[in-house]
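J.: Chains as they are written, first to last, in my numbering: chain A, 1 to 1016; chain B, 1 to 432; chain C, 1 to 121; chain D, 1 to 205.
Note that these hints are calculated values from the structure, not bench results.
Because the structure is a prediction, the values reported are computed rather than measured.
All C-beta atoms in this analysis are idealised placements derived from N, C-alpha and C, irrespective of residue type, glycine included.
It is possible that some hints are incorrect.
Said to hold, decoys possible - Subject to a maximum C-alpha distance of 25 Å in a straight line, what follows is the list of computed PhoX-like cross-link-like pairs (lysine-lysine):
| id | chain 1 | residue 1 | chain 2 | residue 2 |
| --- | --- | --- | --- | --- |
| 1 | A | Lys976 | B | Lys171 |
| 2 | A | Lys111 | B | Lys27 |
| 3 | D | Lys19 | A | Lys170 |
| 4 | B | Lys316 | C | Lys35 |
| 5 | B | Lys305 | B | Lys171 |
| 6 | D | Lys19 | A | Lys637 |
| 7 | C | Lys52 | C | Lys106 |
| 8 | C | Lys88 | B | Lys241 |
| 9 | A | Lys491 | C | Lys88 |
| 10 | A | Lys132 | B | Lys27 |
| 11 | A | Lys720 | A | Lys491 |
Unchecked claim - Negatives, chain D to chain A, calculated, CB over 10 Å:
| id | residue |
| --- | --- |
| 12 | Arg54 |
| 13 | Ser114 |
| 14 | Ile142 |
Take a look at the letters that make up each chain.
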Amino acid sequence: MRHTQSHRLGTNNATVTDKQKSVHFRFDGKEYIGFEGDTLASALLAHGVHLIGRSFKYHRPRGIFGSGSEEPNALIRVIKGATAEPNLRATQIEIYDGLIAESQNRFPNLKFDLLSVNNLFSRFFPAGFYYKTFMWPSTFWMVYEKFIRRAAGLGKISKRHLEQNRYEHKYAHCELLVVGGGAAGLQAAVIAAQTGIRVIIADEQHKFGGWLLTDNNFNIDERPAINWVHDTVKKLQSAPNVTCLNRTTVFAAMDDNFTIMAERVTEHLANQPAHLPKQRLWKIRAEKVIMATGAIERPLVFSGNDLPGIMLSSAIRSYIKRHEVLPGTRIIVFTNNDDAYFTALAIYEAGGFIRCIIDLRKNPKSQIITTIRKLGIEIKTGHAVITAHGTRHIASVDIAAYDCEIQAPISDISHMDCNLLAVSGGLNPVVHLHSQRKGKLIWDDRTLCYRPNNSSVQWVSVGSANGTFQLTKVLNEATKTTSIIISKIAKHYKISKTEETINGPKSDDSKQNWAPTPAWLINSGQPHLSEKTAFVDFQNDSTAADIKLAVREGYHSVEHLKRYTTTGMATDQGKTSNINAIGILAESLNKSVAQTGITTFRPPYTPTSLGLIAGRNIGSLFDPLRKTRMHGWHQSKGAKFENVGQWIRAWYYPQEGEEFHQAVNREVYATRHYAGLIDASTLGKIEVKGPDAGEFLNRVYTNNFANLPIGKARYGLMLKEDGMVFDDGVTTRLAEDHFFMTTTTGGAAAVLAWLEELLQTEWQDLKVYLTSVTEQWSVASISGPNSSAILEACMSEDQNITDDFPFMTMKNTFIAGIPSRIFRISFTGEMAFEINVPARYGLALWSHLMQVGKEYNLTAYGTEAMHVLRAEKGFIIVGQETDGTVTPYDLGMDWIVSKKKSDFIGKRALERESMNEPQRKQLVGLLTTDPQKVIPEGAHAVLNPNQDTPMEMLGHVSSSYYSPNLKHSIAMALLKGGFNRKGQIVYIPMLNGEQPIKAKIVDPIFFDKKGDRLHG
Amino acid sequence: MAKSDLDRGSKAFARRSKRYSIFSLAKHAGNYHQEWQQAWRHAEPKTTYDAVIIGGGGHGLATAYYLANIYGITNIAVIEKGWLGGGNTGRNTTIIRSNYMWDESAAIYEHALKLWEGLSQDLNFNVMFSQRGVLTLSHSEHELKEMSRRVHAIRLNGIDSDILSPAAIKKLVPMINIDPNIRYPVLGGFLQKRAGTARHDAVAWGYARAADDLGVDIIQNCEVTGLRRNGNKITGIETTKGDIKTRKVGCVVAGHSSVLADMANIRLPIASRPLQAIVSEPIKPVLDTVIMSNAVHMYISQSDKGEMVLGAGVDKYNSYAQTGSWPVPEHMVAAAVDLFPFLSQLRMLRQWGGIVDTCPDASPIISKTEIKGLYFNCGWGTGGFKATPGSGHVFADLIANDRPNTIALPYSLKRFETGYLIDEHGAAGVAH
Amino acid sequence: MLRIKCPFCGYRNESEFSCGGEAHIARPSAAVSDKLTDSTFSEYLFMRENPKGVFLERWCHTSGCRRWFNVARDTVTHQIYEIYPAGKTPKTTIGKKAYQVNWRRKSKAEVASKYLKRTPK
Amino acid sequence: MDENTPHIAFGCAAFTDKKLPILKKPEFLTAPQIELSEIPHLGKLNIRCDSINRDEVSKLIQCNLPAEPNYMSNKAGRFAVSLGPDEYLLLAEPGSESQLEQILRSSHLLEHISVVNVSDAFCAIRLSGIKVRELLSKGCPIDLHPNNFYSNRTAQCELALANVILICLEDNEFVCICRTSFAEYVLDWCIDAGQEYGILISKKI
């Protein structure tokens, strides 16, 4: 094996990594070996690999910096088959056999990256430089932009990618959701679990325990903390009322504790079982939420602080304890607080060599410091690292005595070499979820961090997420808070035991005086030199110089700062940078951090897969597709379909070698000369029942229905309250108190909803029941001269169907033995019958009619032919002749607007100033001078086609077809003052540069004006 | 009228020393950028102004800039309760286009688009107006007809627009899925080449800097608490930084219009709703055009930084919370992944919401009110950003002359009485 | 995602409901509205209360029992203070206040239609 | 004339091109943990009546209309599901619906109640097996915990993108009622979501 794990310790008590099982993986083409439980980061560090990426703007070399989701630098690309996931964190990827990972944002390779020349010119790219230039010549931005876009962007996606993975969604309900499986979270969950309520506990990492996996040398109740973790987790996992989810990130906290989390189910496995999802999205409704999300260490800001080999102190400790990896040999620790001393101890115990500890505090005292001193490790108090040196890795640091008050070095600089620098700038509680819920944050001047105000009844933060860092205090807080919450919901959930426990288990954690000293920016002698290499946001390359420039230019609001310098806007959302940036901003403005404020955190806590969010709601499951019972028949006859809302309808039935228009013309011609059959099942159908049904319909239709005789049908027009046409259809009176209403296909749902709304909110005094029966009935509508003959041939009793069956009436009878409701109504202008049968018989009826109809030349026709047929008669289609801006008057349908009725929906609005204005757009017919020329639908008519743009437009063509019966192109249009323009010539300019089409404005009824054909 | 005034260009930055340029950048680099001046003064309110603009977003700052630059009214204050551009200016998805169906809409959005085309130079601030084209998709026969109607109207209005076949769309947008068998297949689309995106923050900052240079006072962290009137005339405003006398008040406070209207006891036909957007992590360029689809309620573009920017329609209930409801982003992502399968490799980086003021006819209000000297510019719904320069200019014109010009006229409050609405619902769908 | 307590079905996710906007807008029937000016009528047709704070609005449990009801909800915190039947006025102090301060209580259109409600059909 | 029985399956003609039975399960499973089938031609009546008439109607249909929301009462193979304050869905043995409809129509109550035959408007799907709750929880936002949703509990709610009436018969046995034109969607969704547990779509009932 070429690459030995030079930095792996010999000992055998890693809390996470299992040295028994080795794992092979590749990084940038090289083969490496790690152990099960390693992250890509720990495994690479074990080989001494630090350099792992190039930075966003200056392409500076960057190394592994943290140990979890806070990692700003180690973004890599994982390749699996045709899929490549960019921008994943090496600190979170669990390695598996065959893992292939690549570094990003470098060309040609990591060690030598051409764009790193940006670094040399960094001086010319200060924050927001692009706002100040690239403006000349004015047309050139698109050119500049091309290069800027290429330089920007982090990872690359695979363009061949085709999603192979499954993503599941799952709803879950619980009384208590615990976010975070560290000391606080585990203790909270265990307390709650005893009461029998449903508890869900989720942790981002693949092992529960949080920082106890790292600080495992503490004792809890006289036992090693790690044992306490194991026992507690066992307890929880065995409890039937507890769901333990590791590898699960709670990324969004929303209204009323609707909490969303992403579970990584199989992506850490070498071969993923086909039946299991890659990830699972949990949508949880929790009665209460405990946020035990822990804290994240922040770095110190000084010149050269972004060099590979400089790492968070807590991260180094984690690599040692969890993975037994010591990422350096000559080590310096730089801190402003106690926590780093535990790292020093860990390094010492791991046999590492500590050059010295550099502590910004003048004379810090605590047990751990004494312990370290006893070990003979040098501690330089009141000192600071001023600059770090190195090319692709840290080689040495400049050190000087430093005064945090005056913020300047107060001694000569001394030089010290090293290959690992541990930095610790204090802890930031993870308040993201609290902030997502609009919870307020309080700045704590003693612990130097923002913590939640914990004022909500729905959720609460505990432990280090709440700014409580001492283990015993954490355990007590978790215990107390949890028992209080439970006692609050006890009644509601009949909880057995609810005595308030105050104290949790004892620990010997000795972080007594947690009081870091404030030092947001370590100043060198010459700020203008040092600040532009003192990095605040590593990933976005924003520096102390950038922040000060922003302040100089007046971007004082913390939001302006963030947006102008892009600090905190990278893929780590500023987990390590935000507070330092605010600190530096506050200092430059001579304000306190509290006065400066903080930006609100947005979901998600960590980047969340779009594939996961989409889940299975893609492809055919993106939206239900609704089919009629006759769909199978249409398909078998090779019909072409069109989508109408969620419905799919037969559009036309092309025969051997027929084009669209040929097929449609044939269907139209056949229907007029013989007979045609259309599947009208999708029409909305509503049963209107009750003593006030007539009155109700009177109020919702423009015309009168109260006086409709039983057994008779009537066409009705519905308006919205603004007087605009909303829907239309035929409604039939089945009994005194019983109507059968039909609506348009697209309008069905909206109409039912609208009518229900009126009944329930406006006219509660009306006794009317509405029931949708759209799908109860299959509808076959037969029209044409032969239609009655065909029906008779289907009727058992031998009688002339047209006898005692006048136009606009209905009959209950049997067709081919099928109980049917037949309506003698017509949308084609021919004698027609709309046959409704219980849906189960739909296909049977249809097939039978087609069978019997053969000898009568019965032709199945689709929606397109239907459109042509009704257009020949000048019948409107709501949604085609109307668009929410058209009144009945505009359609020339004054006859349907009752003058007698005291009231109907839309009546008053029709009387407004604009409604009867003569220049409104009104429905007219158009006949082209060239009978063969069909105007494209949607085209606009003008009087003078040669005018300049913007042209004076009269209006648009709403319907336009070739009429095979008239052997002439026909069209309907909505034109300004159309009614008074009958006879005028208009021109319709073409998009494709062809000559404008010339047409005459006519009456919109083109065929059988008298309507004789209705009666055969 | 308007345009010719505008053609005279900007009077801002007469003093070269303050101008931005590649040379100034180099010069300042020489002394480590220590000498840059403030982009705008952090002014404290004076007791009296000729006009006060309430709202320091893009529209408000633009109004102030044009008042100063074209109408010579420089004794103006812009009052902002938070930070400049902190409302929808800094939260929108930066789409700019003028391909609207109704003449009235085409007029104002095209007026705006023409201004966008020279804005960086006018303001001497690079707003990164990127004319990468906006493509609107059609997924059904019905939508194809609607598209035809729109494109015909747009073209006769003298605005560029082309209908594209699925094949042509695939050529323009290689990553799109045009499989005819998906639930909402791509049957066609129309492209406005001059449309595109811009850097939203830069628009606020650019206008602020230019207006400031012309003498406009920009006052942040100052909340308006009341409007002072004498009978039917505006006499001033009350703020958290004291009272201010003025005869003209222009309200441009998207997301809070009704709140201000209440102070004046005026009724608006407005509902404030959340509008959500998300961005993915930044990746190398894969999408050079803005894509919109009304049928699946989703639009998407790739920012210069590399993030995929997604948006959808408004949420269904009134809210001032600047957060939205989860089903909306969940649906928009599903729609996006369906049209662009590569997206499932990416991850959502940020989700946020803005507050949009929606009108019954999905068109804005640029209007005088029954109170003399009080003007409202609001109700832009989801479409405000693209109109910023045009809106600012016609509103400045209205305030300066106390009468609407031909572009602003149709957008009067009166239309809700008379019924002369400009109904962009049918036409616009997702109206971004 | 709000959690809304449907008076019939109980607690459900917001996604199962549709929102009908401002509640308590009395519809002036033609008999009344004929006497109203276009301007007054537009108060009914288009003008809407849009408070930053407690809002009385109508919701319908579309995916459930399809019943309409009224809600008193804060538009900033999204907290729901009261859920009460359609056609009734709020009972809680917060709800009552929101009902009273609404400018519409003084609107001619509403006053007129109130009068009509009492007149027999 | 016969009902076109092959086309009744899941209420949708298009479903005929899906060959039944369908079995999807991970290799390691010997048997599917979910079984799904249609209850064809189940009689369904939509009854609207206010509380005053509830008892009388209950007598006529020999099955109590539940007074409580989200509950179902059943008697001799008849199930009455509460849909709203004044709305119920009566499930009855196939074929009996028209007779029941007649009984109610001819009763003196008729002017106060509404009874509509919706047997063909809705499709009844039976789901059973130890993983049914797991399956449903992938698309159904309500709390399906056995303590909350047990025998005779019902809910009108979302199942993924469809609206359904969910009925709990036994601990691991549910009936899902949806509009027929949504049946194919519900089915495809179940097949896809059920793979994780193994799912069998069978004709038998």
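J.: Could you run down the list of hints and mark each one as holding or not?
T.: Hints versus structure:
1. A:Lys976 / B:Lys171: 40 Å, violated
2. A:Lys111 / B:Lys27: 33 Å, violated
3. D:Lys19 / A:Lys170: 29 Å, violated
4. B:Lys316 / C:Lys35: 34 Å, violated
5. B:Lys305 / B:Lys171: Since the Cα atoms of Lys305 of chain B and Lys171 of chain B sit roughly 24 Å apart, the hinted pair holds (cutoff 25 Å).
6. D:Lys19 / A:Lys637: 20 Å, holds
7. C:Lys52 / C:Lys106: 20 Å, holds
8. C:Lys88 / B:Lys241: 43 Å, violated
9. A:Lys491 / C:Lys88: Violated, because 31 Å separates the two Cα atoms, which is more than 25 Å.
10. A:Lys132 / B:Lys27: 13 Å, holds
11. A:Lys720 / A:Lys491: With Cα atoms ~49 Å apart, Lys720 of chain A and Lys491 of chain A exceed 25 Å; violated.
12. Arg54: 15 Å, holds
13. Ser114: About 4 Å separates Ser114 of chain D from the closest Cβ of chain A, which leaves it inside 10 Å; violated.
14. Ile142: For Ile142 of chain D, whose nearest Cβ neighbour in chain A is about 8 Å away, the distance does not exceed 10 Å, so it is violated.
Violation of the numbered hints given earlier is confined to hints 1, 2, 3, 4, 8, 9, 11, 13 and 14; the remaining hints are satisfied by the structure.
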